[in-house]
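Student: Each chain, letter by letter, is given below.
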Amino acid sequence: MPTTLVIDPVTRLEGHLKVEVTVDQVNGKQQVVAVNSVGTLFRGFENILKGRNPLDSPDITQRICGVCPVSHGVVSCKALEAAAGVNIPDNARIMRNLVLGSNFIQSHILHFYHLALQDYVNGPNMPPWQPSWNVDKRFVASEEQTLVNNYVRALDMRRQAHEMGALFGGKLPHVASFVAGGMTRAAQSARISQFRTYLSAITSFIQNVYMPDVDAVAARYNDYLSLGAGYGNLLAFGVFDLDNTGQNLLLRRGYIDPGQAWRTVNIANITEHVTSSWYSSGNALNPASGATTPQYPKTGAYSWLKAPRYSNKPYEVGPLARMAVNGDYAAKTSVMDRHQARAHEALKIATAMSGWIGQLTTRSARASYTVPTSGTGVGLGEAARGALGHWVSISGGNIANYQIVTPTCWNASPRDTAGVRGPMEQALMGTPVADLQQPVEVVRVIHAFDPCLSCAVHVMRPAEGARIFALGHYHTGEDAHAHPHAH
Amino acid sequence: MRISRRAFLDVCKGSAIGLGAFKLAQLGNVLANPNAPTVVWLQGASCTGCSVSFLNRISSSAPKTAADVLIQTINLAYHPTLMAPAGQTAADILQTAQNSGNFILAVEGGVPTAFGGATCWAYSSNGVEVTFLSAVQALASKAKAVLSIGTCAAYGGIPSTSANPAGIRSVSAATGKPTLNIPGCPTHPDWIVWAIANLLTNSIGSLDSKGRPAALFGRLVHDQCPRKPPSEQHQNCLERWGCQGKYTYGVCPVSRWNNGVSWCIDVNAPCIGCTEPTFAAASMRRASASGNCYGSCHREDD
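Chains as they are written, first to last, in numbering that gives the first Met the number 0: chain A, 0 to 486; chain B, 0 to 301.
I should point out that these hints are in silico values taken from the structure, not numbers from a laboratory.
Cβ coordinates follow ideal geometry from the N, Cα and C atoms, glycine included.
Careful: at least some of the hints might be erroneous.
[As the list claims (entries may be wrong)] Partner residues aside, some chain A positions facing chain B, computed with beta carbon under 10 Å:
#, residue
1, VAL18
2, PHE41
3, GLN129
4, ARG158
5, TYR220
6, LEU346
7, THR416
8, ALA417
9, GLY418
10, VAL419
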């Protein structure tokens, strides 16, 4: 008999996440057989931006996410600069890369140690680390102690990564120095020197602690090198411009279909489906002409997330997609491959930053920028957790339309118009669940994507008569249909 | 859990925003009590930025880091980003706290009220979904004190501006309860630690008309700014580029950010007024006739 598990909240991620998975026996194995993914926080940033001074958008859009603000800031500036046809100086490009790289590193460290690790290791014996699900923990006590010690060290290292970025950003999270045209202040020689000191210590931590710890978890949980595979469709917008052509990136733009070589991305092929989303605005629009009009309730909808698709297909985004498209990691998807690609990427970025800081000078980091009376611009880039795009349209000197497609929209999207699941939904299908009261396997698959919500995943619509099981509390299927989402 | 109370008290002595000796003794008594209130930290219409900022805590005196705060100083019963438990196990913690009434409620993010609160769900308990709106209302009614962390919780913040499509309100407006407001976008980790310490001792001191403690928000940014005329740097004052320092209260020029490495005006970025209820209501960046010059039209290098 199918059982629906409610996990709400799924903790240790950015924002709100609810998961309901239906579990049943298939070929003698208890596993996930149904999944829906539902975002449950709508703030309406795109609507808030309408009519505003375009110069505000780097500040406003950074506040979408306190974990990836730098990515929003960079991409927003790029959209404004594209709309005005402004090229920024090399120093501005390099400083943005350095601040962005700092935040990628802090995010990757935070994700592995502070968000994901407790799925595999028991934390300190006190709140907020206890009570926890004590199931399938495979490390012995001494190994656990080492990893917990590194959890504390990692708190220190991610803090230092933010301090490193703040040398040029002014503060983190939410940098002060990003403006259309460049940076508000040029680099100072003392800061360049301080940056090098931070980077050296952080790079050492990545090489000597973070990467070995990820390898240790992957080795002990090697069944997760095949679990959570999903579609295997990978997409990256690319990030870290190496010159001002927009073509030469540290991690290139492209997409991969399973078993095929990488191909170039045409952003005209991106559409956002809203059949399953609580919006009344048009379906399958390209973000350049996108709209965001909330409608709740709405028949057939179950999420505040839209469903972005590339050529009408779902694509996974994130470090694994970036590294695979760039040829730095095999195009093989699983829970542990996602963790390992993320750690490898941290080292690649840190190594590149060491070169960039050597290219930075104390000369101007800002080009003159005048808001165009009218124009459109697209900014593409990456947040730590995947491809990010901003589409701006300016009219009468103000923002006429602003559309944002975030990484977690790709990964945690609901079904599209064709009824095809989002990437994370697909990755959850078939996931074995040993203990219905402690479905840690489900949470491991979700955490590997490093979801950055302010939105949520929500798996529901159980089969008629299915039992609803809220982790220790059984209900009848009728209860599920009676709750607010069913109306 | 309560390993190093004395160490925690040191931070208050060592800080410019510290407590008096009498209050230090009070705090010691509170923390020595095994029944000291827990802290329940909820996230609503937030970006998690204030939680990330909290993790950036670093001080020369204990608790030196976020880890010290968590391990040695407070009992953080609930925090969605940091806690191990999920699902019903997590929801039960909230129920336990609510039943006991022995907790400080810390809220990050505003409270969406549109669509009956359905644009933000807090948790499910026994299969029933609970909106953030009803969760905050229920918990606030039982909490010993309610702390609004960041400008969104204190005043609604950016998501509540202009169209406010999610109907976001401040925690105080949504619950009808007075809140201790520690605004900032994000707010500063030292201010969070200060607020929790003072709430534990019932010694928050005087508040201004916007619910902010005078100890942290009693002075204008401009009045503490190293570029205030007639200082040597006064020619670098950013007022003509739209700096809000004359209208914004906070100790940013003293606290600085990220272990003191910088702060907004230090990188020639005008204050955007992020600790005020009016934050982001009007345009935050001003363009000059020749483009958005900001402060960096003048000397850029040291």
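Student: Can you list which hints this structure breaks, lowest number first?
Tutor: Violated: hints 5, 6, 7, 8, 9, 10.
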